[in-house]
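Visitor: Those protein sequences? They're chains Y and D, same order as listed. In case it helps, the numbering used here puts the first sequence at residues 1 to 645. In case it helps, the numbering used here puts the second sequence at residues 1 to 298.
Hints listed in this document are in silico derivations from the structure and should not be mistaken for laboratory results. Since the structure is predicted, the reported quantities are computational estimates derived from the model, not experimental observations. One or more of the hints may lead you astray.
[What the hints assert, rightly or not] In silico DSS-like pairs for lysine-lysine, Cα to Cα no more than 30 angstroms straight-line:
no. : chain 1 : residue 1 : chain 2 : residue 2
1   : Y       : Lys-584   : Y       : Lys-515
2   : D       : Lys-103   : Y       : Lys-127
3   : Y       : Lys-537   : Y       : Lys-585
4   : Y       : Lys-445   : Y       : Lys-166
5   : Y       : Lys-257   : Y       : Lys-428
6   : Y       : Lys-645   : Y       : Lys-557
7   : D       : Lys-175   : Y       : Lys-84
8   : D       : Lys-202   : D       : Lys-127
9   : Y       : Lys-166   : Y       : Lys-84
10  : D       : Lys-103   : Y       : Lys-188
11  : D       : Lys-29    : Y       : Lys-518
12  : Y       : Lys-286   : D       : Lys-225
13  : D       : Lys-29    : Y       : Lys-151
14  : D       : Lys-202   : Y       : Lys-288
15  : D       : Lys-272   : Y       : Lys-188
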Amino acid sequence: MKSLVFLFLSSLIASSAIVEEFSRQPYVQLATDNSIRVVWRSRNEMTPKVVFGTTVDDLSSEVPAEQIITRKHPSLGEENPIFKDAPVDTRQFEATVTGLKPLTSYYYAIYDGDKRLTPADSSYRFKTNPVPGSDTPVYFWVVGDSGTGGKAQAQVHTAMVEHTAKNGRPIDLYLHVGDMAYGSGTNKEFSDRFFKMYEPTLRNTVCWGSMGNHEGRTSKGATGIGPFYDAFISPTKAEAGGLPSGKEAFYSFDWGKVHFICLDSHDLDRRPTGEMAQWLKADLEKTKAEFLIAFFHHPPYTKGSHDSDREGQLVEMREHIMPILESGGVDLVFTGHSHIYERSMLIDGAYQTPSVAKGVILDDGDGDPAGDGAYRKSEGLKPNNGHVSIVTGHGGTANRRSGTHPVMRKIILDHGSCLITIADDTIKGEMLNSNGVIRDTFAIKKSGEVTHTVVENPWQPEPLRRAQPQAGPKPPRNATVIIDKNETWSYLAGSHPSGDITDWAAPDYDISAWKTGKAGFGYGDNDDTTEINMRGKFTTVYIRKEFQLPKNANLDKLGLHVSYDDAFIAYLNGHEVHRQGVDKKQGKEADGFTNHDAKGFEYFPLKGISKILKPGQKNVLAIEGHNVNINSSDFTLHPRLLLAK
Amino acid sequence: MLRPRLLSLILIFAPALACGHNDVSETIKALTAKIEVQPTADLYYQRATEFRALQEKVHAIEDLESALKLEPENRRALVALVQLFGTDKKAPPLISRYQQFAKTKEEKFEAHFLLTHYTAQLGQLEKACSLCDALHLMRPNDDPALDLFHAGLLLDLQRPGEASTVLKKSANRTKSIVVRNNWIDAALTAGQTETVLPIIQKELTSSRFRSSWLIRRARAFLILKNKKSAQADLRAALVEITPRINPERPDLTLIADRGLIHALMGNKALAKRDLETLINSGYSTDAYRLLSDTLADN
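Let the hints inform the model, and build the full structure from the sequences given.
Guide: Put into C-alpha cells, the structure is as follows:
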C-alpha cells in the first residue's frame, strides 16, 4: 500500500517536471495484454529510443527501432502524416512496445540517441491489460466535456488523483466521452487543454477516447484524419479484443472480463443499417465478456445543456443504437455533450421520442448499496435485462440543466467525473465532484438469473424548479439618484486586489492602477458597456465609485438598484452592507455561489448603514461581482445607488 | 444480416453537425444575433447545422442558400445543401457548380460522389454503377464505405455475383468485419457457398449469439439442397433470437433477422408481419431487401 501511495505522490510531484525536448509529453495508448504504444512529440530531429523494464532501476529492454514510427507534417510529403494544423517541424513518435506479460507494471524511458530525455521517475510507467476473459477487478475513470484548460477541469482531475491516491488504488484506464479540446479540437487545443492538463495521468494510464462534436470540427470519423485521430491510437484490427472495425472512430476492447465499446455519435451514420451499427451488432454477437460498457459523446437521455428529445444525433442514438446495445446486454452507457451529471435508474427499452418513464423502468430505486440497494441483473450479458445510463458531461465546462429527464435517478449540477469499479459480480459507480466529494453512488450486482418486470408507477425525479423572479421590494418612486446607470467606475479585472481580503473596499485604498470604465461591466449578453474578456480566465470583478450624499440625507433610505449575473457583495466605506448569491467569505475566497441571470435592475434596500456613511463628505461604494463558473456564457454587474425621499 | 444502406457513403462528406457549446436553441439565438450584425457564409452554415440538429430542414436550407449567396464556392454549404435537397431538381446545378470549382483530388472525388449519389437516388442504378467505377479509379484504396455503396447498387440491380466480387476484394484489403459479413451475404445471394461456409462454421463456434450465423448457414444449406439441416439451423436461430426481442420496443435489426428466418422457413405470414413492422417503423428499405427478396423468391 505504501508503495502505491508513493507512486501517486511521485506522479503529482513529477507533474510539474515537464521535459523541454517534448512538444507533447509522453503518453501511453492502445494497451493490450502483451503490448502498448508510447507516444510523444518533439519539434527537434531525434533518434528515438524507448527502453523499459519491470523495475524503475532496470530498464534493460529496448523497443526495436523498426517498431518506432515517426509521423511528420504533410508538407514533408511522407506517408501517414500528422494533421496539417500542427507546426511544420513537429514529429510524432509512436513506439510499439511488444512481448510484454499480462497485467504487469513496466517502467519506461525515452532517449534521443544516448541522451535520456525522461527523468528517472517512477511515474513513467504503464501496466498491461489482463488476459481477456480473466477475472481481474478493474477500476476506471470517466470524464466528459472537460476541454477548457480551465480551473474547473484541473480541479476535477486533481480530485481524481487525490481520491485514488488516498485510497491507494490507481485507475487502470480512463475513458473520455468527448469534447476534450474546446473549441475545435485543433492541434494546439489538444496540446493545451488535454495533454498539458492530464499529463501526469496520461504518461502512465491509457485514455480511450470518443470524439465529441468540438473535436469533430477538425477531425472526421469516416476518414480518421484530424488532430483527434493523431492524439488517440485506437484499435482498428481488434488489437485489444473485440471485432475489427476498420476505423478508429468506433472500436471495442477487452479488459479482463469487461468488454468496452466506443462509438462515434457525431459524424457517422447512426442508423441500424449504417456501417457502425452493423459492426456493433456483429461485435455484440461475438463477445463473451461478463460486463459490457459502451461510451460515446451524444447522450440518448438528457435534459441538461442539451435535450435528447429535440436534437437529431441524440434522438438517433436512442432510437437506433440503444436497441442494439440493450439486446446485446449492455450494463452501462457513458456519454457527455450535455453539461451535467445525470444517472438513470435501471432501464430498458426507452427509445421513444419524447422519452417517458412508463414501461421502461425495471428498478426505480437509487441503486445505492447503502440506500435502496444495488440494482440486480442476471450474470453474464443477458439481453434486455436493464442498464444504467450516465451523462458525465460535467468535466470542466459550465454546467446547465434545462429540465428533468424522466428516467434519471440522480441529477447533479456540479463539476466532476465518474469512478467505476468492477469486481467479482458487481459494478460500483461513484460520481466524484471537483472538491473530492462523492455525490452519487450506485451498484449493479450481476448474479444468478434475474427476471425484471416493468415498474408500473416508477419513482420520478423532482421537476426542475425554475428560478422565479424575486418579488422583492420595488425601487422607491421619486428617489434621488446618487449613482446612475452607465456612470464611470474604477474597476479591477483579472487579478485580486492586494492587501487583506476587504482592504480594497476602504475609502483610502490606492486604486491608481485600476482601470476606469462605464457601467455595466461584463460580457456575453449584450447588456454591458464595458466589455470584460473574462470567460475561461477569471470569475471575479471589483468595482469602486466615490459618491456624495446630501447633508440632510435620510441614511436609512439608501438602496442598491442593480442588474447582476451571477452574484455580488457590496461594501460602503469598507463595510459589507449586502451580499447576493454568495454564501460565504469574500473576494478570492468567496464560495457558494447561486446562478442568477440579469433580468433588469433589482432593488435591495440597505439597512443599518447610517453609522457607516458620511453625509456631505466622500463615500465609497465598492462591489465585487462573481460569476458562478469560469466558462459561464455571460456576466453582468451594473449598479445604481438610490436615496428614497 | 443487414445489407449496406445505399446512402451510407454520403456521411463521409456530411458536414460535422457541430452543435454549439450550449443548448442548440441558445446557439441559434447567438448566431442570429451575429448574423444580424455582420452576416457571413460561415455563420449561416453554422446556424444551418444547428437547424439540422433540430431537424428543421426548411430553415437549414434557407441558411445554406444564404451562405452560398455570399460565397458561391463555399464547399461545406454546397455539400450540405445537396444532401438536404435529395432528389430535388435544385441539386444538379449545385453539383455542376462544385465540379467546376473543385481543385484538389478530395474535392473532385467529393463532387463526383455527389453526382453518383444523386443518380442513385433517382433510381438510375446502371449509371450510378458506372460512376462508382470512376470513383474507384479516383481512389483505389478508399474507405470500405464506397465498396459497400457500390455493392448495394449491384445488389439492387440483381447482380449479386459482381457485388460479391467487389466486397471480397474490399474485405481482403480493409479487413473490415462489416465488409466481410456483407460479402458473405452477397456470396450466398449469388449461390456461392464454397468460400464462405468455412468462415460461417468458424464464426458459429466462436460467437456468443449465433443466430446471424445460423441464418447464413441455413441459406448455404438451402443452396446445397440440404433443407433438413437448414430448417434445424433456422429453428435454433429463432430460439436464440426470441428472448432478445423486446416485445414492446424491439431491436429492429433482430426483427429483420426474424423475418428472414420465417421467410426461409416458409412462414410467409409471419415473415410479412415482420416486414410490415420494419416498413411501418420507417426503417431503411436496404435493411429488409434480403427479407423482401426472399419472400418474393418463395
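Visitor: Next, verify each hint and record whether it holds.
Guide: Each hint, compared with the structure:
1. Y:Lys-584 - Y:Lys-515: Status holds; Cα separation ~27 angstroms.
2. D:Lys-103 - Y:Lys-127: The given pair, whose Cα atoms are some 48 angstroms apart, is violated under the 30 angstroms limit.
3. Y:Lys-537 - Y:Lys-585: Given pair Lys-537 of chain Y, Lys-585 of chain Y holds - Cα atoms ~21 angstroms apart, limit 30 angstroms.
4. Y:Lys-445 - Y:Lys-166: The hint holds at about 26 angstroms.
5. Y:Lys-257 - Y:Lys-428: holds, 15 angstroms
6. Y:Lys-645 - Y:Lys-557: holds, 7 angstroms
7. D:Lys-175 - Y:Lys-84: Holds - the C-alpha atoms of Lys-84 of chain Y and Lys-175 of chain D are around 28 angstroms apart, at most 30 angstroms.
8. D:Lys-202 - D:Lys-127: Between Lys-202 of chain D and Lys-127 of chain D the Cα gap is close to 38 angstroms, so the pair fails against 30 angstroms, i.e. violated.
9. Y:Lys-166 - Y:Lys-84: violated, 42 angstroms
10. D:Lys-103 - Y:Lys-188: holds, 28 angstroms
11. D:Lys-29 - Y:Lys-518: holds, 27 angstroms
12. Y:Lys-286 - D:Lys-225: holds, 29 angstroms
13. D:Lys-29 - Y:Lys-151: The given pair, whose Cα atoms are some 28 angstroms apart, holds under the 30 angstroms limit.
14. D:Lys-202 - Y:Lys-288: Holds, at about 15 angstroms.
15. D:Lys-272 - Y:Lys-188: violated, 56 angstroms
Violated hints, in rising order: 2, 8, 9 and 15; the structure is consistent with all others.
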